[in-house]
Amino acid sequence: MRLSAVALPLLAAMTLNAATQPQKVFPLSYDQSDLPNGLRVITIPTGYPNVVSLHIVVRTGSRNEVEPGKSGFAHLFEHMMFRGTKNYPPAKYEEIMKEAGASTNAYTSDDLTSYHATFSKEDLDTILKVEADRFQNLEYSPAVFKTETTAVLGEYNKNSSSPTSKLHEVLRDTVFDKHTYKHTTMGFLEDVKNMPNQFDYSRQFFDRYYRPEYTTVIIAGDLDSKAAKTLVEKYWGGWKRGSFKTEIPVEPPQTAARKAHVDWPSPTLPWIEIAYRAPAYSDTDKDGAALDLLGYLGFSTNSDLYQRLVIRDQKVDVLATDDSSHVDPYLFGVVSRVKKASDLPDIQEQILSTLNGFKDTLISAERLDAVKRHLRYEFALRMNNSEAIAGTVARYVALRRTPETINRLYDLYDTVTPEDIRDVARKYFAESSRTVVTLTGPGK
Amino acid sequence: MKTLAILATAMTLNAATQVITLPASSPLVTIKIVFRTGSSSDPAALPGLAALTASMLAEGGTKNKAYKQIVDAFYPMATQVSSQVDKEMITFSGVTHIDNLEAFYAIFREMILEPGWRDDDFQRLRDDQKNFLRVSLRGSNDEELGKEVLYNRIYQNHPYGHHNAGTVSAIDKITIPDLQKFYKERFTRANLIIGLAGGYPESFAKRVEADFNKLEKGTDDAPKLPVPKAAEGLRFTMVEKNTRSVAYSIGFPITVKRGDPDFPALLVAQSYLGQHRNSGGLLYNHMREARGLNYGDYAYIEYFPNGMFLSEPEPNLARRQQIFQIWIRPVEPATAHFTLRLAMFEFDRFLKEGLSEESFQRSRAFVTKYTNLLLKTKDAELGYAIDSRIYGIPEYTAYVRSSLAKLTRDDVNRAIRKHLHANNLDVVVVAQGCEALKNKFVANDPSPMTYNSPKPENILAEDKIVQVLKLEPSSVTILPVDKVFE
Numbered sequence: 000m001r002l003s004a005v006a007l008p009l010l011a012a013m014t015l016n017a018a019t020q021p022q023k024v025f026p027l028s029y030d031q032s033d034l035p036n037g038l039r040v041i042t043i044p045t046g047y048p049n050v051v052s053l054h055i056v057v058r059t060g061s062r063n064e065v066e067p068g069k070s071g072f073a074h075l076f077e078h079m080m081f082r083g084t085k086n087y088p089p090a091k092y093e094e095i096m097k098e099a100g101a102s103t104n105a106y107t108s109d110d111l112t113s114y115h116a117t118f119s120k121e122d123l124d125t126i127l128k129v130e131a132d133r134f135q136n137l138e139y140s141p142a143v144f145k146t147e148t149t150a151v152l153g154e155y156n157k158n159s160s161s162p163t164s165k166l167h168e169v170l171r172d173t174v175f176d177k178h179t180y181k182h183t184t185m186g187f188l189e190d191v192k193n194m195p196n197q198f199d200y201s202r203q204f205f206d207r208y209y210r211p212e213y214t215t216v217i218i219a220g221d222l223d224s225k226a227a228k229t230l231v232e233k234y235w236g237g238w239k240r241g242s243f244k245t246e247i248p249v250e251p252p253q254t255a256a257r258k259a260h261v262d263w264p265s266p267t268l269p270w271i272e273i274a275y276r277a278p279a280y281s282d283t284d285k286d287g288a289a290l291d292l293l294g295y296l297g298f299s300t301n302s303d304l305y306q307r308l309v310i311r312d313q314k315v316d317v318l319a320t321d322d323s324s325h326v327d328p329y330l331f332g333v334v335s336r337v338k339k340a341s342d343l344p345d346i347q348e349q350i351l352s353t354l355n356g357f358k359d360t361l362i363s364a365e366r367l368d369a370v371k372r373h374l375r376y377e378f379a380l381r382m383n384n385s386e387a388i389a390g391t392v393a394r395y396v397a398l399r400r401t402p403e404t405i406n407r408l409y410d411l412y413d414t415v416t417p418e419d420i421r422d423v424a425r426k427y428f429a430e431s432s433r434t435v436v437t438l439t440g441p442g443k
Numbered sequence: 000m001k002t003l004a005i006l007a008t009a010m011t012l013n014a015a016t017q018v019i020t021l022p023a024s025s026p027l028v029t030i031k032i033v034f035r036t037g038s039s040s041d042p043a044a045l046p047g048l049a050a051l052t053a054s055m056l057a058e059g060g061t062k063n064k065a066y067k068q069i070v071d072a073f074y075p076m077a078t079q080v081s082s083q084v085d086k087e088m089i090t091f092s093g094v095t096h097i098d099n100l101e102a103f104y105a106i107f108r109e110m111i112l113e114p115g116w117r118d119d120d121f122q123r124l125r126d127d128q129k130n131f132l133r134v135s136l137r138g139s140n141d142e143e144l145g146k147e148v149l150y151n152r153i154y155q156n157h158p159y160g161h162h163n164a165g166t167v168s169a170i171d172k173i174t175i176p177d178l179q180k181f182y183k184e185r186f187t188r189a190n191l192i193i194g195l196a197g198g199y200p201e202s203f204a205k206r207v208e209a210d211f212n213k214l215e216k217g218t219d220d221a222p223k224l225p226v227p228k229a230a231e232g233l234r235f236t237m238v239e240k241n242t243r244s245v246a247y248s249i250g251f252p253i254t255v256k257r258g259d260p261d262f263p264a265l266l267v268a269q270s271y272l273g274q275h276r277n278s279g280g281l282l283y284n285h286m287r288e289a290r291g292l293n294y295g296d297y298a299y300i301e302y303f304p305n306g307m308f309l310s311e312p313e314p315n316l317a318r319r320q321q322i323f324q325i326w327i328r329p330v331e332p333a334t335a336h337f338t339l340r341l342a343m344f345e346f347d348r349f350l351k352e353g354l355s356e357e358s359f360q361r362s363r364a365f366v367t368k369y370t371n372l373l374l375k376t377k378d379a380e381l382g383y384a385i386d387s388r389i390y391g392i393p394e395y396t397a398y399v400r401s402s403l404a405k406l407t408r409d410d411v412n413r414a415i416r417k418h419l420h421a422n423n424l425d426v427v428v429v430a431q432g433c434e435a436l437k438n439k440f441v442a443n444d445p446s447p448m449t450y451n452s453p454k455p456e457n458i459l460a461e462d463k464i465v466q467v468l469k470l471e472p473s474s475v476t477i478l479p480v481d482k483v484f485e
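If you read the sequences in order, they're chains A and B. 326 is the number that numbering that gives the first Met the number 0 gives to position 327 of the first sequence; each next residue is one higher, with no gaps. 378 is the number that numbering that gives the first Met the number 0 gives to position 379 of the second sequence; each next residue is one higher, with no gaps.
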């Protein structure tokens with residue numbers, strides 16, 4: 000939103016110059032507390048006027064889909080949450096959101112489902128009330144459920160024209176044997192097609208996971224923390240705590256290199272992804288932080304390999320890492336789009352050689368420092384409105400349920416040394432824990 | 000109204016030098032350099048020239064710096080210069096933390112004013128542009144493909160009549176001297192708008208203005224735009240490709256753009272029919288919510304690229320001519336014929352019935368408040384301020400708020416009747432098995448709908464009408480996907 004001259008006292012005071020005292024990367028003061036039922040409430044006055052952004056994070060995603068045949072269910076459930084209650088049927092819900100001029104949506108990932116709305120501050124009371132109602136009293140008929148499952152199939156369809164969706168799907172299926180990260184958030188196509196028959200399970204899913212102990216309400220924007228918290232207590236305080244705990248299967252160590260190939264039916268440039276098993280997110284253990292930095296050092300736009308393959312030799316036009324933070328051990332991947340299929344073996348070799356290079360050669364402190372500065376500025380540039388602030392916090396809440404984890408993570412980045420980078424390369428880049436997936440179009 | 004007053008004083012526009020400034024107490028600074036030229040100025044033989052020229056500036060080296068040096072310098076600042084090319088606007092943008100403003104601006108300035116025109120950058124960016132068309136658009140995104148084919152179809156033999164990235168074969172003909180010529184003739188002071196927002200020092204705007212005054216003077220030489228020729232009847236363009244679902248885009252040219260008297264009325268009508276990526280629009284409710292046909296269905300009165308990736312439109316796509324568009328997200332092949340019939344049925348009903356007083360009040364309230372959310376960052380606010388300058392309207396939220404306050408239901412329904420119609424329009428279909436689908440369209444085969452769950456009587460009764468609705472294509476063209484943008 001627009002900023003008047005008095006706005007942003009907190010952000011304006013923030014400087015990231017090395018000469019000054021190190022600052023917290025998440026620069027805003029916030030209030031965090033738990034209601035007796037286990038619901039966590041985080042309020043963040045941002046200094047941006049007039050607007051409030053509400054993010055309701057349920058720490059349930061495709062990771063929780065432990066039963067066979069139920070992949071994609073967390074995402075389907077996200078859709079069901081828009082199907083109304085007795086007090087607020089969908090049309091009434093829509094009417095209220097429309098009158099508030101709210102921008103509303105939701106998304107599901109491996110570890111979370113997030114429902115978000117951004118609106119004028121005067122509508123906070125109404126929207127908290129309506130949202131609290133659907134989290135506690137969601138009601139839908141088997142017929143409505145079946146109709147929504149076909150909209151989910153429609154979503155699968157619109158994603159299916161992208162070769163990277165398929166590459167990603169096959170990679171996870173190849174790497175994981177036991178853990179639910181084996182499937183993507185969309186789920187396996189056969190499970191999506193079978194969703195219409197799973198009404199009873201959908202009610203069970205709601206009963207298990209849509210509970211206060213799984214949920215965090217984040218409110219960022221032009222607000223008074225105390226007043227906002229009082230509203231949350233008023234509307235969400237009566238929500239009953241649940242008792243369900245999921246046993247997520249533990250993935251055994253990978254003992255041999257794996258590979259897979261996708262024959263894509265339409266013309267495309269070839270893709271390759273090389274992935275290694277990597278640790279779970281941590282804001283105390285350095286391994287994940289060091290791997291994050293290694294990814295930047297090895298494969299970002301100013302890296303030697305990017306400059307060679309993309310800029311100088313022009314053999315590939317995409318080179319990036321795929322190592323998003325996860326609750327459980329996930330992957331460190333390098334993905335590339337190659338201009339000629341005949342170059343695939345060479346590109347694979349160059350990526351491997353770059354990864355292995357970190358095992359023997361210590362990187363310079365100067366390069367490491369440039370990456371650390373990049374990360375801090377990248378974060379600062381992202382904090383440019385209340386919606387972005389709440390959205391960023393939501394992703395970290397899925398991991399540690401507090402914005403403080405952001406500060407801890409960036410502080411951890413600061414402690415990573417060239418030796419740490421070498422050590423994680425030695426620890427994680429073993430051939431036996433590697434998976435390579437390639438994708439090519441017809442006629443290569 | 001206090002907020003408005005602050006805005007009015009904060010936004011200053013120097014009419015002579017076209018500098019728009021939005022100073023604010025913020026650690027971030029946005030710089031936008033806009034040239035009022037674009038792909039509509041591409042020479043007929045070289046579609047894609049404007050886009051390649053812009054990427055040579057934003058992603059190539061300068062006279063004194065190789066691209067690698069620029070990347071290395073920007074890296075610790077976590078910033079970059081991005082370019083956006085549309086028919087009549089080319090925008091270079093950068094956002095930096097105030098700590099890095101001097102270092103960032105020194106390079107940004109050099110990139111726009113002293114391009115390096117290196118052959119290796121040229122080869123790389125030419126490849127990127129071809130691969131964007133061949134792989135990203137044709138190969139990976141059926142929805143965007145359908146939308147862009149619709150624009151090409153509507154604007155045949157018109158300066159808007161090619162994709163901003165050009166065609167694969169024409170890109171190969173572009174040479175570095177072509178780029179230099181385009182740069183010299185079009186990237187001129189006559190076409191320039193400078194935009195600054197955020198916490199920059201007071202003297203900064205003058206410096207930027209003085210620096211960019213070194214550009215060639217140039218002349219305001221935007222091409223004349225003929226009135227696009229509307230389709231006669233329902234003109235079908237079908238793109239044959241290997242895909243598991245069927246994507247539709249439907250549209251026709253309109254004479255209304257931002258700033259025109261009926262724009263606010265159509266903004267409300269569009270929101271009622273299908274507010275982008277929001278539930279609750281008429282099309283969404285009837286096609287997705289009630290029948291589960293697909294992931295969503297929306298309506299537009301302004302160009303909105305990359306809608307599948309964005310919740311809100313990008314600014315700086317101002318155009319002198321716009322189309323009305325309906326976007327039907329991919330559907331299962333078995334329901335494709337029925338879905339198109341239903342879309343036309345709903346659109347026709349919308350045209351006949353217009354908005355009720357209640358729908359009008361609700362949609363107007365929504366648009367009035369929602370507009371504030373579009374300008375949530377300083378970056379977006381600057382983008383909209385530049386567009387408002389081009390369209391000759393006040394600050395955008397003030398423009399929408401004040402126009403909507405005066406608007407009546409009759410204004411909206413009159414504007415719908417005046418500007419929208421279901422008779423002469425283009426339908427673009429991206430599908431596998433176009434020939435068979437075409438035969439169904441042409442033969443007007445009934446398309447009975449079956450559902451996986453019981454449906455209310457009113458839906459079933461409507462379906463009986465919809466399943467035999469006459470579509471009657473006036474012409475059908477089938478294009479293999481590898482011929483599109485070739």
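Worth flagging that the hints you see were computed from the coordinates, not collected in a lab. The reader is advised that the hints may include incorrect statements.
Claimed, not checked - Within a straight-line C-alpha distance of at most 25 Å, the following computed BS3-like cross-link-like pairs (lysine-lysine) qualify: (1) A:K91 x B:K67; (2) B:K172 x A:K145; (3) A:K285 x A:K358; (4) B:K454 x A:K192; (5) A:K338 x A:K258; (6) A:K258 x A:K339; (7) B:K67 x A:K371.
Structure-based check of each hint:
| no. | hint | verdict |
| --- | --- | --- |
| 1 | A:K91 x B:K67 | 55 Å, violated |
| 2 | B:K172 x A:K145 | 53 Å, violated |
| 3 | A:K285 x A:K358 | 17 Å, holds |
| 4 | B:K454 x A:K192 | 20 Å, holds |
| 5 | A:K338 x A:K258 | 21 Å, holds |
| 6 | A:K258 x A:K339 | 20 Å, holds |
| 7 | B:K67 x A:K371 | 19 Å, holds |
Violation of the numbered hints given earlier is confined to hints 1 and 2; the remaining hints are satisfied by the structure.
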